[in-house]
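Protein chains: 2
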Amino acid sequence: VLVLISIHPGKKERIKNKKQKRSQTERGRGRSSSLPTKTLNPSPTKPPPPSSSGGGASHRQPTHQAKMPLGQRAGDKSDSRYCGVEVLDFPAGDGLPAVLTHSLSSAFDFLLAPLVDPDYRPTPGAVLPVAASDLVLSPSQWSSHIVGKISEWIDLDSEDEQLRLDSELTLKQEIAWATHLSLQLQACVIPPPKRSTCANYARVVNNILQGLTNMQLWLRIPLEKSESMDEDHDKVNNNNPTSETVDSWEWWNSFRLLCEHSSQLYVALDILSSLPSMNSLGRWFGEPVRAAILQTDAFLTNARGYPCLSKRHQTLLTGFFNHSVQVIISGRSNHNVSQVSEGVLSRDENHTEDTPTQHALSPYLDYMAYLYQRMDPLPEQERFEINYRDFLQSPLQPLMDNLEAQTYETFEKDTVKYTQYQRAIAKALVDKVSDDEVSTTRTVLMVVGAGRGPLVRASLQAAEETGRMLKVYAVEKNPNAVITLHSLIKLEGWESMVTIISSDMRCWDAPEKADILVSELLGSFGDNELSPECLDGAQRFLKPDGISIPSSYTSFIQPVTASKLHNDIKAHKDIAHFETAYVVKLHRVARLAPPQEVFSFAHPNFSPKATNQRYTKLQFELPQDTGSCLVHGFAGYFDAVLYKDVHLGIEPNTCTPNMFSWFPIFFPLRKPIYVPSESPIEVHFWRCCGATKVWYEWALVAPSPSPIHNSNGRSYWVGL
Amino acid sequence: VLVLISIHPGKKERIKNKKQKRSQTERGRGRSSSLPTKTLNPSPTKPPPPSSSGGGASHRQPTHQAKMPLGQRAGDKSDSRYCGVEVLDFPAGDGLPAVLTHSLSSAFDFLLAPLVDPDYRPTPGAVLPVAASDLVLSPSQWSSHIVGKISEWIDLDSEDEQLRLDSELTLKQEIAWATHLSLQLQACVIPPPKRSTCANYARVVNNILQGLTNMQLWLRIPLEKSESMDEDHDKVNNNNPTSETVDSWEWWNSFRLLCEHSSQLYVALDILSSLPSMNSLGRWFGEPVRAAILQTDAFLTNARGYPCLSKRHQTLLTGFFNHSVQVIISGRSNHNVSQVSEGVLSRDENHTEDTPTQHALSPYLDYMAYLYQRMDPLPEQERFEINYRDFLQSPLQPLMDNLEAQTYETFEKDTVKYTQYQRAIAKALVDKVSDDEVSTTRTVLMVVGAGRGPLVRASLQAAEETGRMLKVYAVEKNPNAVITLHSLIKLEGWESMVTIISSDMRCWDAPEKADILVSELLGSFGDNELSPECLDGAQRFLKPDGISIPSSYTSFIQPVTASKLHNDIKAHKDIAHFETAYVVKLHRVARLAPPQEVFSFAHPNFSPKATNQRYTKLQFELPQDTGSCLVHGFAGYFDAVLYKDVHLGIEPNTCTPNMFSWFPIFFPLRKPIYVPSESPIEVHFWRCCGATKVWYEWALVAPSPSPIHNSNGRSYWVGL
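Chains as they are written, first to last, in the UniProt record's numbering: chain U, 1 to 720; chain R, 1 to 720.
Chain U extracted, bound-state conformation:
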């Protein structure tokens, strides 16, 4: 189905980075920290990234050139709005400006263009036959609209030594030329490895990467993985003679390992007409994919003769749009449709004036715009959280540190969470006090960690809702929050029902015992804000048949590919940051297997042998058709049973919708682990308790043992 689309070139929104320095001690559970919504430098020690979109392509700097997004999507500021086109023939002389003007006027946003005549081979003393002098385009055109394409003939791993040496020289010359064209130019695409061993290619690229400051290199990789090779579409890999089973991810993996996970090395994926399994595609969402180069051959033809994509291709491209990957259309047109004459498209008038003829690939661009605009708008929550994507925060230390007012405020806005508490408290009150006793029995409820009062409010509302009488003790250790709590009680007129206790629950000497103990001391990983230790202290004043809300909670982990997080941690250049868990809104991540339970705690627990130490071994089996992958660490979640069937949590399969107090937690691995196809991942997690601190240790055992992470809590702990 072809629909009317309208493309309005819009001003590109760029957020200036200079004011947005983050302190290294930023802590949070989710978007609870005092992060201004426009703050975004994801790695405190790294220079501010050029792009605002948390992992979006960033090969262009702010410019006065009009940009041509595929359409408006509320909240989407990522570079996936922009679509480029690959220039297949070398534009000699001043051909490039004409090609650029034509493409821009057809609403493409940028060109992937060769910079040097592909027929050129190095000869001593020769002048490089470049696409044009550096003067044919303005510096801002070079930097905003051109991604350089390195000559595809180069073969750094050829057995022919002369070809190898020529290739090395050419690659270096072309990158030097690209660097010269504009210091702002941010990317070159380098051709795919020509064979499965690419060590020499990687060596030369690695050498180049170390000399680059602003520019990124995008390694072009055909998106293919075959058990039985599909001969027809083996175009990119035609130099590989022994291609029984090809998984092009393996090429990428070898290349980036050899280049030591360089943070300037990215992937540009060639999308072909056949696609591997969804599980195998999913791996790429955790990899630094900057561009999807969509071959015109990958398009089908609809009943009206227009290009369209298979359902699987559509799903993949929507995934790319959602992961800030931008599309580049490539190939010869296979669809001769004259949109202008059919009149089904109304394009921007400013552009049709400039363009006597449509760009041959316009029908494909139109289809991309259709796909882009067809997506649901970003949910409101997602829009609020967009600047937190893949931004690493240290978990809160609410026991050691007093929370700030702003953090309380953010927490208190999470109405979904307090609604769940109110439901749980209501059920507990009904269980505690039968309808016959409502007028004679007053339930003693203690809120431990009352903060500025939201759980007190939820408790009183539950009492009102169920017609139960309540006596509330609100225990809070932060004297600043207690001040606000007092004024709240006064304001609401709750003095007769609520007693405020300014004390640490672990040392409070309660005047009576409670029927119900209400707390919200949960971290992203459940027990990581020391809820178990606090409630052990508080259950002294819970009656033997008393109820704790929450009554239990469980943590979960799953293995993930997360190259961006790995690189951000690596930028700190120490082991300690690799032995620390982070709170992070996971975005550019591939979740490799379903989450599994790690640690569970139930309250109250009056057993004399109770301990809060835990040790769990987990084995993850990846879906068979995934192929090999690289694991950078583990995403962690929790689920809490508040009371009976009332739960809340962030475990993806059961998560409470529209709750924003918690982002997932991320446990990194010091060295990413290669997991061969069909090999299980075995990971061990320990929760360790000392006199003054609690910490986790973790280690991989299979497919190969990692060091024990965070031994003795040397790098990361939570203070008691």
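Worth flagging that the hints you see were computed from the coordinates, not collected in a lab.
Computed from a predicted structure; not experimentally measured.
What you were told as hints is all true, and nothing was included just to trick you.
Because identical chains cannot be distinguished in the list, a pair is counted as satisfied if it fits within a single copy or across any two copies.
Here are the simulated DSBU-like cross-link-like pairs (lysine-lysine), alpha carbons at most 30 Å apart as the crow flies:
1) Lys617 - Lys671
2) Lys172 - Lys693
3) Lys617 - Lys172
4) Lys609 - Lys172
5) Lys573 - Lys693
Here the structure of chain U is known, so what remains is to put chain R in place on it, guided by the hints.
Below, chain R without anything else, positioned relative to chain U:
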């Protein structure tokens, strides 16, 4: 065959460490540097090791107690001279002193003894039932003669949580007790992992290791590797239900990876009656094996009823003696032979007085002494080089730095090398000048890099030997060496034959062209002292039909396990030291596959396209029965063809005997690579040339890619 043996307790020779600080810039080719023979701190940044014997056991400090070596072997100062005995039963009360006295008087040197009653299980508030109060032995007895044995019942990876927690507590308590017994006590043996997954055991040991300062932990590992399991001898591993194929090396490997290659974690190998293949045993010579615990069950009985070992066991034990591994006899006696009554043994009188009865295991000790004494004495060269074992030196930079007099002196003593040169020059002279021409033709020979004159002498001797007339130019860039050279010429009366040129050969303007160019600019890796670059400069003044001696040279590498070298490099805590090649006398190393050729250079090379850049890929196949292994890096060698069939080199299969100018070179890997059984190792080596320096880069490609090492020569290069 039983022979008469005589065991004389001797004074233990200890070398004091305090005066022996090495500078970090120590450079050498072999024992050419100014290393005093008694200097030995192998890692400049580490505290001096307590033992002198380059990797030998060091659980004891200097003491006045008499030591009981197995015998005298000239030059052997390693702890493999001392044999211990395992105490199987817990000596209650003051039983330990009696056992110790009895064992020492029977010529055992130390005990491997339990410190705590093995029946003890932790109970709150209980006193640890230790083997005896700390007063039953003197501090020097504890530290010199007792290796602690941790209770064997502990099972840190049991599914039974209580057993697991008890085990953790017990292990920590026993280590704490061992630490208390004497700060000097240097080792405890910890029991073998009870199952193939040992992550929790490793975690606790890792925690402990981080708190230890002097003490080592020796992880006990049964020496077994089976394709088809031998049920009878599966004693240690009896808790492993699914033991189709057992390779106990895998346990060790997992354990040490989890413990992050801790330099205080060692292996004690239990030697059983059946042995795996020699290739699989060979792996252990590169691992930190401190002790071989020889089970009495492993012994056979000879015709006269005495214990003896199979040929394969003998070979293994000789290997251990040569690699500084000490033996501990363990088990019940299976051989009731009364040596005293037979009178075949004359033991030290001082001891027989103290001992009314022979130690039950004395026949086994006697056999060990027999094996030890039967070994050939250490060759003289080995004795000179013993303090260089596994000591890392930076390669010489003879182009950038001028050599010191002491280095020249060491080189000049290597008569084997100069004899080879003389033979080569003689053959070249005969080829250049036929017998008819001897009286009319004077050959022009240039020695480039003449130093203090040894090659000038070899040249003149070759001329005399062959009756050829010679005109020698001696070119030397080091003005200090030139002074010595002048006096040598005068002293020898060579003024008419030798012209001294004080110049760098690369810029000397020669007055005539040479028939023969003689040089010795070879490093341990052949070209690594830039012989190619120097000879490119010098061949300007070689006649087109001139001869270069050497005429070619080739470098070689082979993959090795070398845990000690890895740990010494790791102690520097930076990447640069892992991207540097070292000259090192390899000792505690497992050579995993035969060496292969890397780079070759031939001289003269007048081709206009000649380059000294090189790129080589090598694939190593390990013998099938080796099993898996860990590769820490590559040992490198060279072989040089001086002229026709006259060569010299250090490649192990073809090395020139008794030449000591060069030790091997070692290229480390930043992260040791696990090589699964039967997986090939693919490594790529590059020789790169810049304007001011030459360097190597290297990378593993299979079994898994490593980062490219030393990219752009950032860590290690040779200056031009």
